[in-house]
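J.: Its first residue numbered 1, the sequence shown is counted upward by one per residue in my numbering.
There's no promise every hint is true.
Label pairs and their calculated CB-CB ranges [what the hints assert, rightly or not]:
id : residue 1 : residue 2 : range
1  : T22       : I135      : 19 to 27 Å
2  : R69       : A134      : 20 to 28 Å
3  : D140      : T22       : 32 to 40 Å
4  : L124      : L52       : 30 to 38 Å
5  : L12       : I40       : 37 to 45 Å
The set of hints was computed from the structure by calculation and includes no laboratory data. Fair warning: this is a prediction, and the values are worked out from it, not measured in the lab. Think of the CB as a built atom: it goes at the ideal place given N, C-alpha and C, for glycine as much as any other residue.
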Amino acid sequence: MVRLSDWTEIVLLGCVGVALFTAAMVVVAQGIFLFVSNLIYRHYGIGLELLLDRMLVTMMIVEILDTVRITISSHKLRCQPFLIVGVIAATRQILLITLQSTVTSAPTLRSGLPDSVSLLGLVLVIIGLAIALAILKKSDIP
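Please take these sequences and the hints and turn them into a complete structure.
T.: Put into structure tokens, the structure is as follows:
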């Protein structure tokens with residue numbers, strides 16, 4: 001027999017799942033629209049940057065949606081999917097920084113330094129998250 005609190009949890013997580021799915025569809029549609037509109041005006045780099053950004057945001061939403069689905073079925077919150085979302089988010093930033101630096105302007109010594117520091121920080125974040133994922137995989141923590 002399912003208690004009332006279990007039903008409210010299922011309904012709440014179901015609503016979150018529907019909202020995340022809707023957000024993912026809107027982000028995909030927006031990315032495709034912006035990409036095509038930039039292709040029409042021959043802004044290939046900007047269109048590619050926008051499409052890549054929207055697709056990576058969609059990947060993060062889908063990973064969170066999968067976490068909600070697993071939480072509903074197992075009634076346990078797992079931390080591993082959130083670490084994966086962190087890796088995807090850091091990778092997204094790395095790709096966008098490198099794409100922006102190659103598309104928008106010619107590289108100079110002064111403009112490359114902040115990008116290099118940001119990239120180094122993001123790489124360290126990814127390494128830390130990968131180590132945390134490896135530790136979680138070896139342990140019994142869900």
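J.: Going through the earlier hints one by one, which of them does the structure break, listed in rising order?
T.: 1, 4
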